[in-house]
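Trainee: One-letter residues, chain by chain:
Number of protein chains: 2
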Amino acid sequence: MQTSSPLEPVQVQIHLAERSYSISIGAGLLGNVSTYQQLPPANTALIVSNTKVAPLYAAQLQEALQARYSNVLLTTLPDGETYKDWPTLQLIFDALLSHGCDRKTVLFALGGGVVGDMTGFAAASYMRGVPFVQVPTTLLAQVDSSVGGKTAINHPLGKNMIGAFYQPQLVICDLDVLQTLPTRELSAGLAEIIKYGPIADMNFLDWIETSLDVLLAREPAALAHAIQRSCEIKAWVVGQDERETGIRAILNFGHTFGHAIESGLGYGQWLHGEGVGCGMVMAAHLSQRLGLVEKSFVERLRQLVARAGLPVKAPILSAQDNAGRYLELMRVDKKSEAGEIRFVLIDGPGRAVVRAAPDALVREVIDACCA
Amino acid sequence: MQTSSPLEPVQVQIHLAERSYSISIGAGLLGNVSTYQQLPPANTALIVSNTKVAPLYAAQLQEALQARYSNVLLTTLPDGETYKDWPTLQLIFDALLSHGCDRKTVLFALGGGVVGDMTGFAAASYMRGVPFVQVPTTLLAQVDSSVGGKTAINHPLGKNMIGAFYQPQLVICDLDVLQTLPTRELSAGLAEIIKYGPIADMNFLDWIETSLDVLLAREPAALAHAIQRSCEIKAWVVGQDERETGIRAILNFGHTFGHAIESGLGYGQWLHGEGVGCGMVMAAHLSQRLGLVEKSFVERLRQLVARAGLPVKAPILSAQDNAGRYLELMRVDKKSEAGEIRFVLIDGPGRAVVRAAPDALVREVIDACCA
Chain A
1 MQTSSPLEPV QVQIHLAERS YSISIGAGLL GNVSTYQQLP PANTALIVSN
51 TKVAPLYAAQ LQEALQARYS NVLLTTLPDG ETYKDWPTLQ LIFDALLSHG
101 CDRKTVLFAL GGGVVGDMTG FAAASYMRGV PFVQVPTTLL AQVDSSVGGK
151 TAINHPLGKN MIGAFYQPQL VICDLDVLQT LPTRELSAGL AEIIKYGPIA
201 DMNFLDWIET SLDVLLAREP AALAHAIQRS CEIKAWVVGQ DERETGIRAI
251 LNFGHTFGHA IESGLGYGQW LHGEGVGCGM VMAAHLSQRL GLVEKSFVER
301 LRQLVARAGL PVKAPILSAQ DNAGRYLELM RVDKKSEAGE IRFVLIDGPG
351 RAVVRAAPDA LVREVIDACC A
Chain B
1001 MQTSSPLEPV QVQIHLAERS YSISIGAGLL GNVSTYQQLP PANTALIVSN
1051 TKVAPLYAAQ LQEALQARYS NVLLTTLPDG ETYKDWPTLQ LIFDALLSHG
1101 CDRKTVLFAL GGGVVGDMTG FAAASYMRGV PFVQVPTTLL AQVDSSVGGK
1151 TAINHPLGKN MIGAFYQPQL VICDLDVLQT LPTRELSAGL AEIIKYGPIA
1201 DMNFLDWIET SLDVLLAREP AALAHAIQRS CEIKAWVVGQ DERETGIRAI
1251 LNFGHTFGHA IESGLGYGQW LHGEGVGCGM VMAAHLSQRL GLVEKSFVER
1301 LRQLVARAGL PVKAPILSAQ DNAGRYLELM RVDKKSEAGE IRFVLIDGPG
1351 RAVVRAAPDA LVREVIDACC A
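As given, the protein sequences belong to chains A and B, one line each in that order. The first sequence: position 58 = 58 (the numbering used here), numbered continuously. The second sequence: position 343 = 1343 (the numbering used here), numbered continuously.
Next up, chain A with everything else stripped away, as it sits in the complex (with noise of 0.2 Å):
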């Protein structure tokens, strides 16, 4: 690919049963006013934030709009995972409410990964229904949050347990916003990228290899063909199965063992993609060790995200039973059915299946992943 070409804006088409809508991926999106020109016709936007994301990007945001929208509000919810919540998410709905918004008011979640759920789960869930755009700032909310409608809010005893299946009218991911990514985010993404490799599309998992130094170095050309190449493989991934009922479970690659971790260390100690990173190292060894890739395979992956940034040892999260915690905590999981651990699994080089695993096998890959 030529990476010192001047970046004309890519388009990733969203096709769903119920409607359609597209990807924006380009340089200077943000802050530009014909970004917005397809957009449905309302008098009010509430662009929802937090604490960290508002004062970098919610000014040129809110300018671009008012071309648009008589009023233009902004909301600012803390920053972080522990805020995903619902008092947290009421903060939305008691802005909306106290400025008298109506069906029409669209909703803009500028932010990342928990600005993008709460902002979705808010629209989704306002008067039964509001529009919304995505404005993500992570690179791991532009090429997770993008595609599939997944929102969410956590719940004390678990993860994104509350929420619907909501899809935006937008999504722009700016190429921009990426350059002022710390470092530990801009890794955490590339693991959600990494794993499209194995679960579908081995090119890409050699295009990676060749390009992470690029990819690290933050080149435009590079961001925007690894976000471009994420959104279509999740789009084939979720046009087949919108609700999840079937293959997209396959999208959970490494978040079995990893949603444990994050949750096992409480929210917020390990990013979420670093979760999905050090996970996918795990469910490619319970691979190896029930026949279905070679080690080498296993060795591949696990240097790759050690590249990226990100952690491949598994954190103890018991002095007693470690595995046991593990295990309880998987068992927790939505994609769990009748207290058995589905965990997606390579079923050779980029092909993923989604199966149970024997108790004692998953205890062996924990302790080796944790040693």
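It should be emphasised that the hints constitute simulated quantities derived from the structure, not laboratory data. Please read all numbers here as calculations on a predicted model, not as lab measurements. All the pointers check out, no bait thrown in.
No more than 27 Å apart at the CA atoms, straight line, and that leaves these computed lysine-lysine pairs for BS3-like: (1) B:Lys1335 <-> A:Lys104; (2) B:Lys1104 <-> A:Lys159; (3) A:Lys159 <-> A:Lys335; (4) A:Lys159 <-> A:Lys52; (5) A:Lys159 <-> A:Lys313; (6) B:Lys1104 <-> A:Lys335; (7) A:Lys313 <-> A:Lys295; (8) B:Lys1335 <-> B:Lys1313; (9) B:Lys1295 <-> B:Lys1313.
Stretch-level coverage of chain B by chain A, calculated; a stretch enters the list once three of its residues show a Cβ under 8 Å from a Cβ in chain A: (10) 1083–1096; (11) 1100–1109; (12) 1118–1129; (13) 1162–1169.
The beta-carbon is built from N, C-alpha and C at its ideal position, and this holds for glycine as well.
Based on these hints, arrange chain B on the given structure of chain A.
Mentor: The following block gives chain B in isolation, referenced to the frame of chain A:
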């Protein structure tokens, strides 16, 4: 119609884009194992009820469900519209998560409209959607929440502001439960039944006028017909406009004034159906003042509403500026757009229209109806 013949259960089919389901109307359905035989397989069922209904019917339902589900759980909520809020909804999520309920768990709403709305919203949101069954135990819930998939909770600043469109798998209208219904709630249910006359079917209004005494005497065949015809009309309207972007709004005849009364007096003072009963008379008045219907039509409706045991005189909501208070409350209604109140009016007998009206005229109607 023959009111003396033995009652066969009646099925009303609801056809919607996403999926279809049926409403069963008959005597003795709730405790009958065969009522539930078409439901999707699952290990666990959670019955959600309230402190008033659970002692009457939960054991019966639980026993019938035990033939089909290995775990049948029960969550009992406090009774009343004041508890249609987030903390009470949370009790359902707590029950689901503390019992490790998975995505196949079926929720059963056993109670009136509040239990139905909350259980429906919990089902829509738990793990982004689990199946649910409505077992409405009030006449109002049988004709109102059976069709349409509206679920919601209240927000301190407005009624039904947070919710989802979410369809049940099955609705069971057991006529036996209506025999224990307090008279005031029977009347409240009749309000929603009467509604279908003016907005859609004057023959049905004739039938209600003729049958009101047997309806008030809770004659099962008459109740079955009233429920069936109400559900059919509602299904016909909702089928054209599932998400209430147009014609569906006519189902809110009487609700704009009614909600103002409910909310202005404080939820729980007037029953929802009482607000709707009085609200229909007010909306008919407004229609007449706009030249849409004759005075005789308003009087006919007023008499029927009064005969049904419903209030026809509107309450004073403010000693200072009563009409102003009504207007203020109606402006936060979900149907409002940019602060303009959208009234459902009668545009000739059997035909409804949604439109705005001059404040001065609305004030006249409020003054006349409160006097």
